[in-house]
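Those protein sequence lines, which keep their order, are chains P and G.
For the first sequence, position 6 matches number 6 in our numbering, and the numbering has no gaps at all.
For the second sequence, position 272 matches number 1272 in our numbering, and the numbering has no gaps at all.
Where hints are given, some of them may not hold.
Sample of chain P residues at the chain G side, in silico, Cβ under 10 Å [unchecked claim]:
id	residue
1	Y116
2	L347
3	M349
4	F354
5	S371
Calculated from the structure, these hints are not laboratory results.
All of these numbers come straight from a predicted model, not from anything done at the bench.
Here a beta-carbon is modelled for each residue, glycine too, at the ideal position from N, C-alpha and C.
One-letter residues, chain by chain:
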Amino acid sequence: MQPNILVEQVAANLPAPIWFVQFFKALGFTLHAIPMNLWYAGLLIALWLHLRGNTHGQRFGARLLQQMPVIVAFGINLGIVPLLFLQLAYNRVFYPATILMAWFWLAIIALVTLAYYGVYAYAWGLRQQGNAMAAWRKAAGWCAAVFFLAVGFLFANGLSLTEHVDRWADLWKQHSVAGAATGTALNIGDPTLIPRWLLMFGLALGTTAVWLLVDATWFARNTVDEDYRRWAWSLAKKLYTVSAIWFAAAGSWYVYGTWHSAIRQTMFDWPWLPLTVATAVAPALPWALLMTAGFCNEKRLTLAAIALCQFGVLGLNATSRQVVQNLNLNPHLQLYTQPTAVQWSPLVMFLVVFVLGLGVVGWMVWQVAKSLPSPTR
Amino acid sequence: MHYPWWYVPHLTAPMLIAAISVLHVLISHYAVGGGLFLAVEVAHAYKTGNRAYLDYLQRHAKFFVLLTVVLGAVTGVGIWWTIGLSSPLATEVLIRTFVFGWATEYVFFVIELAAAFIFLYYWGRLTEKTHALIGWIYALAAWISLVLITGITAFMVNPGTWADGGSSQDFWTAFFNPQFLPQTIARTGGALLLSSLYVYLHASLTIRDAKLRDMIASRSARPACLGAVLITLGGIGWHFFLPPSAKDALAAAAPLNILVVLIFALTAVVFVLLYVGPYRNPGWLSPGFAASLCLFGIAAFSTGEFIREAVRKPFIIYNTVLSNQIYPEEVQKLRGIGYLEGGVWTKAFVKTHYPQAIVNDRIAGSELLKLPHQDRVALGEVLFQYHCNDCHAAQDGYSSLGRLLHGRSRELVRNSVDHLDSIYFMPPWAGTAEEAELITDYLMTINRPRPEGMRVGTETAEVK
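Chain G on its own, in the form it takes in the complex (with noise of 0.2 Å):
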């Protein structure tokens, strides 16, 4: 509406964001929790005079650079990429909301970076009191980002009373919105089990001796079961937060259902595994074993956050943005002058090729009407693309429309167009009448007729 739209064929353009995310997410909790764990193992190390552990640590801190410092920075720079592209109008909001929560994040990263180089690249030539204090301050910076970038993430779930408008729309009450302090809580909790299971990953493979790698396995069995109450914890403030919509949706949406089912499971499974397996008996800490729970901890950690992502629909920031890139309180102004004219690169559109239903310089329904068949399919598929394509592919792929409509008659389409918000994950329907007989024109064309073969009861005398 108020950018151009970027059409992704089959997958729509917010599922980039989704796939960049997920991979960063789980290369930026360990950027946090690794950099505790090394912190505090080093130090560990140095005071007991460890020098194999320390020579592990040191190759742990190799591996760890190469993972968090590369993939996970690009990754998050990719994400700022992404939610540009697919998602401008919200991102506008959320820069001219914190941008100084982001200029702020930036100064603890670059705080961060320059620890992380200096504790990998000056190993050994250091004191060890230094290398263990800039292991700590990478520690903090790390943990700092965490609780400023979640304090962003969390208001698009809740913005709390920010979004009610007025004096309330100020950084603070943004920031500090209710999901606030359950999601820091979780995030921290996530970043220390996550990293252990990393750990795991990471000596099982790499360890030969194994009283040392017992003694891994032993000694980050602790954070991780900490890890493991916080994320319980959290899990129980988020949901309690959760606006009422987002709480029905997770108790509707069938596919909601099974990935809270399932996200229930695998935390169970991890944690299960962690207390039979590290913490009771850390010989247990085979390749396979620690392979196995690394990938249930990355399998619940996607798992959350997709639910967390789903849970907003029908917004992209709660009562602030709906998931077509419009502000709520737009949409009686779109029903009145229409989507079309509403949107600045749709009336472009209309303009450069349909000039015939331009009347005094505004797109006229009535004209839209009068248009052939075929025209008034293209300017549905306008619509489509500006309305709908954010959450659904057009005839096949994600979630698509195509494929949701099945065999439905023209009226059912046209009447699902008008209460679109029936389903209350669903954004309203916020062009005119007009338009949406152009809409349900180009839905027609990608319905796909009902599944042949099918006795429900319902069939015509003479099929039977």
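So that you can see chain P by itself, here it is in the shape it has in the complex (with noise of 0.2 Å):
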């Protein structure tokens, strides 16, 4: 592949390694997934139970629609970090990416505020009404899990218009006035679109099965009974079944049929091919837990495995789509050789206030499990 003259070099110097960059680009894109996965599938689903499920469904429908706000605010609060380090080191391929898109790249914050009032009506609804809560709240209720999937698709869009800079000179000519780009591209006609978005919404049935879990054996511990989590182990099961077939169709898919070839025959040799297979069978070991524990009273320990393999399977997404992002961008973007002047001293208040940060959210949440008990539970 010829570099890309579309894709110019930064002079300016990098202020931290490109490892430190990726390793947090790829570690809060892990720790974005999680509440991400749950409005992306989890909502639906929860809209769904809550609606046509049986006692227990609507019961959990309920519990995750309550909870919504607060992963809300936590999901957008976590994927700053991936953006953050995204724009320091990928900045000359990902603003190009998203100014051809622009105007659907802002309509993001529109659907995401729309979809956070949608998902606090129905919240509060529920909390003060209960079943008999207005339509409106049920109706903003499900546009905000519409709202959810489309971020989802335009998210895909402007990270796979990101990593394929070959795909720039056709939009930019198609979608511009005079040189300037109009915003209104979409990056429909690259293949790894659609697989790369199914591929997400996979990984989200998962986690909101390993969720479904943890909130039945943690969160409900003192509200729900047995009869309840043995049919949330019952959900969790066929939901997480759903979820790695969906991932191994929709990652074949795109391994298989989106590649180039020089990226596939990289990922499949020394040194990516083992961090390939792990991805590709990493969610073979939750659903293995999960298949294999036989419903007891006791089983904290099991879940607490499965949700930690759960954070595995992401985390290895994760990393894997960090290494194929970078040999797609490679031939066009010098990222190993930018000028580097580490800023020691801010970086180390960074990761000191971040430590420090970590321990007074930890005493909070402490003081809320000591707290007592909800008077409306």
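Work from the hints to combine the two standalone chains into their complex.
Printed below as a string of structure tokens:
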């Protein structure tokens, strides 16, 4: 591949080592993926269960919907980390790609705002009026779910376009006035777009399944009975099975149907082969744990292992995405030869504040854990 | 130049930043001041055992979370979105300079979020001491967020010695720029004042108990007055530490003259209303009075933000990035090789559409002038997009050139292009003489004729 003339290298210094940037970008994306998965697929499932589920389904739907405002808040916040580090080191490909689709990219803000309020409308309706909430609140919840799916589609557009710079020229020609982008392009001709979007939905189903168990076993431990927990494990098994199949199908389409042969060859060769294989088979581990865990009253350890494995699934996915992104961009963007002058003292300040911040949040969560039970529960 | 330009008809792309940031600022200052209000007042209500006040504070906390955590947070992300789309080069400089400032601010935002949710959702389920403490954790984290972000926004107005280059280009020199302290003081004051105005509006609309409403009016008047003092002090410092060009722009540009008078008038109205209203006569706090006070405050704030943006011209970051997305040190080079040649996307445009103008893989100025008139106009439009559209719409819209040039002759327009920076809040012309011809050709196509019917004493005898 020839370097694309539309990609210019940056002259300014990178303030952190490139490995540091990539580590926090992948870690941030993994942390963001947990809540994001819950609003991506979990919200749809919760709405459906609340509408058409049995007693337990309605109960879980209501619980997840009431948790959703907090989940969305943290999800948005955690999404800032990967975007910050993406803009730091990949700015010369990220900005042009998003400028080409600027109006759609900006629409994400409007859609997220509306979806966020939609989630609040539903959650507070449930809290105040229960199932008898006003129809507009129910409609707002469903609209929120659709908006979040649309946001996922737009993100998949922006990030696939960031990665595939060879698509820029055509889109620019079709969507420009006197050389200036009109911001109306969408990367829908990119064969990787749909499998990427679907792949994330498959992962989101799995994360929702694990959340269902975490909620039943920990958060709702004092308020649900054995029957509910049995139902939760049963549904989680089914949901995770669908997730694993979905992931395998979308992943195969993505890898074998859309990757450039050179990328596929690299990812299936040393040193990336173990990562590729691990990413592909990772969902099998939590799935196997789920399936083999016979129902018993005390299986928090198993659940902790399943949750940890799901975190690993998301982490491996983020790492593989990072590697593939780098491979696609390598001919065009000099990632590893950027001039670097590490800002040591601000970097240390950030790490110290990060650790202290975790401590403060941990202390607050501990206060919550020992708080009085809710009078409404 | 370094990035593709986003053409937003009539409005210009950077105006989208202004629209979102003004909305964000009006909420984010409340997120800081409102946090302090809740922390102080909840502790006071617990101490005095005032259940009615606690009930009100819980309702206010709900309103606070709904506004700040949702719209405040999303518009904050929205600013990231729009600056990346509209000013990518300046954003690149800011991120490469302040990435750890932003990352640190992000940690404080996580603390804010956790504290805000626990404060609201665990109301009545924590001990009074713990609940109040979590309120204070929120307030402190929110104020530190304000300090960290102010360091970055203040840098854009006056980066101080950082802009001199060399060893001074480190994070701390950039962060503790000359504008940092005055803006931090002013914004802290703004947060205190604005939050009191929101509290007044919310209390006047939701509280029936006159005694409780009067107490809130009276208690919130003190931080509001402190806020007013801090805004005044910070404002004086802000003006003192402005670069000379910004001070001159404030004095010379007619719209800014009006806005400065407006902000003084609006601020004075708010101060007077605060003093004669909630401070001296808490009973005056009707919904109408509170709404008027809030609207005056919002108008003053919005005007202040607009002035803060406008005085930076011709820079996005003073002495660092020019408003047309190039570095000042690139101007001489671009005057030599050409603006079209120097830009990644402009060169690609010429290569694609006018390969005949390419000689030895470079755009040849002489070849550009040989193009037919309509092609010269088309290339002139490219130059307009990448050199001018940051601040000027074309024929109609925000500060449109079609209207600014009204009836000027070709010679005058060409002369204006050559001497763009004779007006010091304009960037210099950064192209070749041939490119100046092309953009002049284009500008003449959008140049409107002089309005008819004017008699200024210079008309021809024939007309008379």
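- prompt: Hints broken by the structure, by number, lowest first?
  reply: Of the numbered hints, all hold.
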